[in-house]
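Listed here are the chains, written in short residue letters.
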Amino acid sequence: MNILQKSRAKSPWILHYDAGACNGCDIEILACLTPVYDIERFGMVNVGNPKHADVLLVTGTCNKRSARVLKNLYDQMPDPKVVVAVGACALSGGIFHECYNVLQGVDGTVPVDVYVPGCAPRPEAIMEGVMMALEKMNKR
Amino acid sequence: MSNLIYYVPLSIILVALILAPLVFAFVISIVRSDYLRSLIIIMIAAVLAISSLILFARVTITHQIIHYAPGLIDWNLLVTIADFGLMAMFIRMGVRRKSALILVFAVIQTIILAWVEFGPKHTEMAYPPIFIDWLSIVMTLIVSIVGSVVAIYSLPYMREHERHQNLTISKQPQFFRTLLLFLGAMNGMVLSGNLLWIYFFWEITTLCSFCLISHDETEESLRNATRALWMNMVGGVGFITGIALIQFNKLPMDASRLLELVRTGNEAHIIALLILPMACLCFAGFTKAAQMPFQSWLLGAMVAPTPVSALLHSSTMVKAGVYLIIRFAPIFRHTALSEMVAIVGAFSFITGAMLAIGQSNAKKVLAYSTISNLGLIIACAGLNTPLALAAAVMLIIFHAVSKGLLFMATGVVDQSIHSKDIEDMQGLWARMPLTSLIMVIGILSMLLPPFGVLIAKLAAIESSIQNPLVMVMLVIGSTLTVVFWTKWMGRMLATNPQADGRKRENLPALYAGTLAFLACGAVILSLFIKPILENLVLPAVANYYNVAGMEMTPTVLSAPWLMIFLVIALSVLAPTFFNHLRSSQIKPAYLCGEQISSRAATAQFLTVADGTAEMTVRSYYFEKVTDESFHVKWVTIVATLLIVILFGAVYLWK
Amino acid sequence: MEIINIFFVIVIAPVIGGLLFGLDRKLTARLQKRMGPPILQPFYDLFKLFGKGRIASNQFQLISVSVYIACTILSLILLATGQDLLVLLFVLALGHIMLILGGFSVRSPYSQIGSQREILQLMAYEPLLVFMVIGTYLKTGSFLVSNLMTGSYKPLLISLPAFLLTQIIVMAIKLHKSPFDISASHHAHQELVRGIYTEFSGAQLALIEMAHWYELILLMGFIALLWQTNLVIGGLIAFACFLAVILLDNISARLTWKWMIRFAWSFGVGISVANLAAIYILR
Ligand code: SF4
Chain A
1 MNILQKSRAK SPWILHYDAG ACNGCDIEIL ACLTPVYDIE RFGMVNVGNP KHADVLLVTG
61 TCNKRSARVL KNLYDQMPDP KVVVAVGACA LSGGIFHECY NVLQGVDGTV PVDVYVPGCA
121 PRPEAIMEGV MMALEKMNKR
Chain B
1 MSNLIYYVPL SIILVALILA PLVFAFVISI VRSDYLRSLI IIMIAAVLAI SSLILFARVT
61 ITHQIIHYAP GLIDWNLLVT IADFGLMAMF IRMGVRRKSA LILVFAVIQT IILAWVEFGP
121 KHTEMAYPPI FIDWLSIVMT LIVSIVGSVV AIYSLPYMRE HERHQNLTIS KQPQFFRTLL
181 LFLGAMNGMV LSGNLLWIYF FWEITTLCSF CLISHDETEE SLRNATRALW MNMVGGVGFI
241 TGIALIQFNK LPMDASRLLE LVRTGNEAHI IALLILPMAC LCFAGFTKAA QMPFQSWLLG
301 AMVAPTPVSA LLHSSTMVKA GVYLIIRFAP IFRHTALSEM VAIVGAFSFI TGAMLAIGQS
361 NAKKVLAYST ISNLGLIIAC AGLNTPLALA AAVMLIIFHA VSKGLLFMAT GVVDQSIHSK
421 DIEDMQGLWA RMPLTSLIMV IGILSMLLPP FGVLIAKLAA IESSIQNPLV MVMLVIGSTL
481 TVVFWTKWMG RMLATNPQAD GRKRENLPAL YAGTLAFLAC GAVILSLFIK PILENLVLPA
541 VANYYNVAGM EMTPTVLSAP WLMIFLVIAL SVLAPTFFNH LRSSQIKPAY LCGEQISSRA
601 ATAQFLTVAD GTAEMTVRSY YFEKVTDESF HVKWVTIVAT LLIVILFGAV YLWK
Chain C
1 MEIINIFFVI VIAPVIGGLL FGLDRKLTAR LQKRMGPPIL QPFYDLFKLF GKGRIASNQF
61 QLISVSVYIA CTILSLILLA TGQDLLVLLF VLALGHIMLI LGGFSVRSPY SQIGSQREIL
121 QLMAYEPLLV FMVIGTYLKT GSFLVSNLMT GSYKPLLISL PAFLLTQIIV MAIKLHKSPF
181 DISASHHAHQ ELVRGIYTEF SGAQLALIEM AHWYELILLM GFIALLWQTN LVIGGLIAFA
241 CFLAVILLDN ISARLTWKWM IRFAWSFGVG ISVANLAAIY ILR
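Chains as they are written, first to last, in the working numbering: chain A, 1 to 140; chain B, 1 to 654; chain C, 1 to 283.
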């Protein structure tokens, strides 16, 4: 692993987008920031700005309007970038699957690298998902 | 080469610098053809520039101050007659504009003038009326070069200006007549040593500025011109009172003789006699340099066509005010007057900068910045050390170039976007790349290293350390200066990404030429600040205080400016030329993902019900804190008090 | 000697600066009962940013960042080679203003507001720095650092105690630490996103980050000048100030720009002027 890859693995900056979640997943993501889980020890930072981000965390399923926003955000991220879909809704639509106004899951809108299942997934799972995404990024 | 310069007789140079513009002013007022007018203006500009350079070369080579008596006719008599003629004109204007103020001041001036001319005369002139030292040379160079550039720039500007006015008869002949008269009068003023001559030319500039400000003859411009006239006539009263007092005290009415008296004798009683007249002259200088509380005439002057502002603010008019103060500065060194002059100047410096922050009209920002910078120059004159004077002279030079440039560029922008509002200049960088680049250079040269204005400002701060109050005001004032300039540049640079690349801009040749000339001038003069200091500024100062070179070289100059220049130039040029963004790398601004598309050139975003909205941004103006009408009130009161204290201190000082 | 100094400035200074910022993040985390990232985290961030693909909004952003870092390094070199302090300050200001213009150059609400506020940050700290430089002039009769170092003066801190305090304020403002983090912040303050830095990314952001490291060393160098007789003690004082700023960051909340200006210009300028006045009177 060269120095660049090592740095990439150790410094994932995260952009979190809620495409239409029930907020359950979002609260779990925020829980990661708390002292109990402290994602900053892995160098992860919640940057809230696509231009700085490496990892896009998407929660909730897309509808037509949020899909456009998600696409825009993804476009504004510099390469290399990875997308982690968090929660059943983001994976497939979850409990909103049959709704008339949702697109089932986010992978129809942006290419998803890691799927983290759960409703809502535990913070540990989310962190592991990000780690796996980084490994994937470095293998590319 | 040096011989060649010496062979040009002095009389011819003087005729070219003073008489030629005056004479051609009358020629041009009857010329109706655009083509001929342009020819005359460009020719005169060339003549002025070349003769001022010859004069400069001559004084540099011979290293001698020039006293010169013009021959042929009795010029003194002519000046006297013309003086009364001027007074008659002022009175006529007062009647025509129905302004009691103008009338009163004109009558007072006439009476005092009559006493000076026909009252008891005590002293013979020790020297002939023409007196040229390095300070005069600096001023002539500025008037003749920067002033001429403004005159050339006016050619296309006035043509365009009149196109929108639907005039039946063009008023350009009058405009250019006044312009040339102005330049001639300025040259005359800085090249004469006889106080009465200086006063005569001084009053001509007052008259010319009235004509130029009222040029458009709208209600507003007439009102503002009237105000400018009476305010400057207050200064005129101060000036002639000073002269009368000098005569009353049986002192020579000759700048160079007065300076000599103080320099050689340094006799306390002479200074004691001179200090009140000097206070009067400084007061005159304050009015002309639009120091608080006289700032309103200069602000009102912005209704005139932009070349007028460029002329008034950079090379003429206001510089006449600071010139007068600097001219006599050594006389009142180490007196209460000197301290008070420094405080009045520093006060204008800080309040001018403060008021500029709240303005969004470009010309108003420039006007306040002029007031502020002139305050700095006057503060330097009041600090009255060799170093401070060197700073003052440097500021005069660099400020003239940069301010002229900024006004001219604002004029070009105004004619293109039909607005002087800085908010409307948003994104100008993409629409008018050349003009906005020149404007940014102009602003940077007013503000930051490695440009001359800043270097002079640092020297000013260094010399202000002996006077703590002034020092604190200068430090705070320079910080405030940064705020409004940066905001302005920020507005111009604020572009939409992908605003279909940068367009090419088609500037008329005379615009592009004059703007580029001054922009290059600002950069090149700063690059060669050391030779300028050594050959132009230091001799002017050394001549004043009898000091050797070291004492007045600001230590800031010992910094490795060349290295600084190189590093900055490199860091600008490298990404400009070797690091081009590809269009696929250009991304729109972050709008929370709601921008219309990642390729859109406008900053539009989607709102409720799939409607679109334009994202707008504007500058902070801190309206609550910088409310102009409130601040102007207390500033005027404090400044008036300061001037009262100045005279009080002079009266008590023995 | 000069060459060694310049080498030190260009190569060693950012390493120390980066480590200090790593320490900052670690300490902040510990104060919040977190583990915190490794000390080397700023370097990982930096290398990662350099490796990102380039996106930008316009060419001017590249120019502004380049001038910003060049001027910051240049002013540190000026300090290390014993040049004029006043010139140094304004070279630093040039860099800072270019960064602000870079923020302005994109029509984005976040970077626009960030830049506006950054001007105010600049306005708040600039007089404090200039006053300190004038204080050293009053004691030594020159703006030259070399003169200060070689002359036999007592440590400046004895006669200029107020400036230790103002330098802490300057450092907190310049590093965007609470309560002065109004134009941008190291934490995700969502209403401004990253303020003035919002529209910079990848290598540009990395260069800005690196310029901050140089800036930190420069500011600490300024504080160290207050104990110019022994730079080790000076360095320790500077380090203590840095720790104080971190502590301040953690125990205070962000406040408004009005408060910042009022505080810096009343308290900061006030004690600066009082200290200068004392010197004038005692002279
Ligand atoms: S996965 Fe469960 S917790 Fe997450 S958004 Fe969907 S419903 Fe809510």
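One or more hints might be untrue.
If you only want the chain C side, here are some residues facing chain B, beta carbon under 8 Å, derived [what the hints assert, rightly or not]: (1) 137; (2) 138; (3) 140.
Using 20 Å as the maximum straight-line C-alpha spacing, the simulated EDC-like pairs for lysine to aspartate or glutamate come out as follows [claimed, not checked]: (4) 64(A) - 623(B); (5) 364(B) - 627(B); (6) 64(A) - 594(B); (7) 364(B) - 610(B).
Read the hints as simulated data drawn from the structure, not as lab findings. Every residue, glycine too, gets a C-beta built ideally from N, C-alpha and C.
In rising order, the numbers of the hints this structure does not comply with: Hint check: 3, 4, 7 fail, others pass.
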